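With the hints as your guide, set chain F with the ligands onto chain B.
2 protein chains.
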Amino acid sequence: MEDTEFDPSTHPHRRLNPLTNEHVLVSPHRTKRPWLGQVEPPQTTKLPEFDPDCYLCPGNTRAGGKQTDKYESTFAFENDFAAVLPPPGPAAPPSPHPLLATEPVQGGCDVICFHPRHDLTLARLAIPDIRKVINEWVRIYLLRGRQEGINYVQIFENKGAMMGCSNPHPHGQAWSLSVVPSLPATEIKNLKNYASTTITDPSSSAPRGPHGRPCLLCEYVHFEVSVEHESGRVVAKNDHWVALVPWWAIWPFEILLLPYKRHISNIASLTTEEKDAFAQIMSIVTKRYDNLFSCSFAYSLGIHQRPTPRAEGTSEDQDDDDEDISHLHLHFDPPLLRSASVRKFLVGFELMAEPQRDLTPEQAAQRLRSCSEVHYLDAIPSSEEK
Amino acid sequence: MEDTEFDPSTHPHRRLNPLTNEHVLVSPHRTKRPWLGQVEPPQTTKLPEFDPDCYLCPGNTRAGGKQTDKYESTFAFENDFAAVLPPPGPAAPPSPHPLLATEPVQGGCDVICFHPRHDLTLARLAIPDIRKVINEWVRIYLLRGRQEGINYVQIFENKGAMMGCSNPHPHGQAWSLSVVPSLPATEIKNLKNYASTTITDPSSSAPRGPHGRPCLLCEYVHFEVSVEHESGRVVAKNDHWVALVPWWAIWPFEILLLPYKRHISNIASLTTEEKDAFAQIMSIVTKRYDNLFSCSFAYSLGIHQRPTPRAEGTSEDQDDDDEDISHLHLHFDPPLLRSASVRKFLVGFELMAEPQRDLTPEQAAQRLRSCSEVHYLDAIPSSEEK
Ligand SMILES: [Zn+2]
Ligand SMILES: [Zn+2]
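From first to last, the protein sequence lines are chains B and F. In terms of UniProt numbering, the first sequence has 88 at position 88, counting the first letter as 1, and numbering is strictly consecutive. In terms of UniProt numbering, the second sequence has 298 at position 298, counting the first letter as 1, and numbering is strictly consecutive.
Do not take every clue at face value.
The list makes no distinction among identical chains, and a pair is therefore deemed to hold if it is satisfied within one copy or across any two copies.
Below are the DMTMM-like pairs computed for lysine to aspartate or glutamate, each with C-alpha atoms no more than 25 Å apart in a straight line [what the hints assert, rightly or not]:
| # | residue 1 | residue 2 |
| --- | --- | --- |
| 1 | Lys-237 | Glu-373 |
| 2 | Lys-132 | Asp-322 |
| 3 | Lys-70 | Glu-22 |
| 4 | Lys-261 | Glu-230 |
| 5 | Lys-132 | Glu-78 |
| 6 | Lys-189 | Asp-51 |
| 7 | Lys-189 | Glu-22 |
| 8 | Lys-132 | Glu-273 |
| 9 | Lys-189 | Glu-103 |
| 10 | Lys-192 | Glu-22 |
By construction, these hints were calculated from the structure, which means they are not laboratory data. Bear in mind that the values here come from a model prediction, so they are computed numbers and not experimental data.
Looking at chain B on its own, in the form it has when it is part of the complex:
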């Protein structure tokens, strides 16, 4: 083995995620292991356009007794069973021991219905309808993020029964909290650390963050779009956004979606053109996901950005706000591995030691690039299917 040259598509190795400072173990030689585990049935059921039993369909009654509006576009409402309660709350009690630290958390949890139709996920929505979802995300980020006592807004979508999602009606959530949660806090710490300690090539044309300092994600994505297509990790790209399988991906078909032309800290700072491009690439990514295994692809989606918006009336041009160190990005974490019914489990060694993957990110990107941008359910049916 010592005389062989290292080949990342053959030799076990690990890669560092600079956003979290954690590693992932890559075992590319192992992609032909036999599978003997749990097989989940492929999603073949066709959903109705309206489900009288769905509490998110327009006009229906929710478990808490409230009625969902007869909405025609997007629709947001406060979760009837929120994980947190509105501020203010009682103060922290004295800790019984320094190692038993407790911190009260307040906030609010919103549910965001993407569309009145029960059966239209992001992958099947028209781009103007995805654009409306983005507008709703911006509205909630600004509204919640400027409320007294709120220091972080987490917008996310959890899609698919495989992810434990209790309702197939296309919807996401926004949890607004008095604290910055662990993962985004770690990412921001590492972005700040990068900005203050990294010496970059002065001739590089990568965009820069606040105060002209280097931005970890601006640098990373600038490099990724320069890599030759066939060997790279880019899945889709338009004038403002790029979707890629990150170098440090944990999930088999994990995607990082982010703007690459300029440093943008949050969704409220996007121009109209950038929001249009955002809707377009969201459509491409979700369609390719569905086409990969001809199923409604399960995933968790999360928006990471500056914890709360800028104060009203300030803009990125006016102010070099340190909080703008955040580089807006979306994580897609999907569990599917080999087909509509074979999923990855984060268990055993991965739970106790370090995440591990067999398929390389480059191989995953290649698979996703080869998928059509026309949704398989919208493809022209063959003569046999008539």
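Just chain F with the ligands now, kept in the frame of chain B:
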């Protein structure tokens, strides 16, 4: 709300895990939320004592073509599809960009069959048979951990189809690596940090780590065993070991199992008596787990300890080795939440921001304490069942 007194069993709050420096969000007010999600069938199938199609049953042939020994006690063999390859391996290539860090990893993966019987999990094994599993863990830890190029040994068990485990035959694994994986590396960093920066009560009777310095886990567990039973987190305790739902637990019925009478860095340092007590408490914990929902309880189990054993011939009495900063402990991470068929999913907000739980660790410990120590399958059948 401001006038109310904070009550950890009512008010949302978060708790810090000092081993990882990450938080968990606790939403105790939410335990009565309606459940509409995926329901998995309870495990009612009775397994045969021998399965001719099981590659771990004695004498059968494995997928790679090799034959499993006709073993009568425990049996370990090298995984035919290991995640890593033996050292030495080729050196790291130059990185195409500083943010794309790659590090070759070498090592070996062992499979450890706990018992020849296909149907006997740890919960159903006699204590002397569990004792043999512990002996096998010690043997592999010493053997692998002293091999050239090995810097870490992770012993773990992944049990249950719900965890993606491909074979119900009771078995675990040991992955031996040239690197210390992310999670144990973080734990060791935080243990070292605690030892060098914490000022503890000099009159405390808690055991201490190497060089007489404070040990995070010695201090923590010493406090936990002092808490009144009814309000505490202790699930089971014997002369040397305690099983508890940690203050910072993520999984509903997560358990931390560790020695509490003295600082012990690894399983090879256990006395005969401590190993006997280890087998006894393993039996109690796994029986209570099975009895909680009357099913073969799914979990991932991992042993965290000093990365590799001491050099041959040295003992803890002879040497104040800095590596002994590790405090031997076992993590049980089980996914079940409310019944044999309702599981927790780490998705959405938890994947994107921070783990979250509804049931408090104190409530979970209370539930586990109320379970019998006699396995439900071994309980005397009622007259109707005859
Ligand atoms: Zn992020
Ligand atoms: Zn540990």
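Next item on the list: Indicate which option fits the pair Lys-189, Asp-51 if close means a Cα-Cα distance not exceeding 25 Å: within, between, both or neither.
Entry: Neither. Shortest intra-copy (45 Å) and inter-copy (52 Å) distances fail the 25 Å Cα cut-off.
Note to self: One pair to classify: Lys-192 and Glu-22, alpha carbons no more than 25 Å apart. Within, between, both, or neither?
What the structure shows: both (17 Å within a copy, 18 Å between copies)
Next item on the list: Have a look at Lys-132 and Asp-322 and pick one of within, between, both or neither, based on CA distance no larger than 25 Å.
Entry: Answer is neither; intra-copy 30 Å and inter-copy 58 Å both fail.
Note to self: For Lys-70 and Glu-22, with the copy left unspecified, which applies at a CA distance of at most 25 Å: within, between, both, or neither?
What the structure shows: neither (46 Å within a copy, 41 Å between copies)
Margin query: Checking an output row: Lys-189 and Glu-103, CA cutoff 25 Å. Within, between, both or neither?
Written below: For Lys-189 and Glu-103, the Cα distance is within 25 Å both inside one copy (20 Å) and across copies (23 Å).
Notebook entry, point to check: At most 25 Å between C-alpha atoms: does Lys-189 with Glu-22 qualify within a copy, between copies, both, or neither?
Noted result: both (13 Å within a copy, 13 Å between copies)
Check: What label fits Lys-237 with Glu-373 when the C-alpha limit is 25 Å: within, between, both, or neither?
Finding: Cα proximity of Lys-237 and Glu-373: one copy only (12 Å, versus 59 Å across).
Notebook entry, point to check: With identical chains treated as interchangeable, where does the CA-CA distance between Lys-132 and Glu-78 reach 25 Å or less: within a copy, between copies, both, or neither?
Noted result: within (19 Å within a copy, 55 Å between copies)
Next item on the list: Could you place Lys-261 and Glu-230 in one of the four classes (within, between, both, neither) given a Cα distance threshold of 25 Å?
Entry: within (22 Å within a copy, 59 Å between copies)
Check: 25 Å Cα cut-off: does Lys-132 pair with Glu-273 within a copy, between copies, both or neither?
Finding: within (14 Å within a copy, 66 Å between copies)
The earlier numbered hints that this structure contradicts are 2, 3 and 6.
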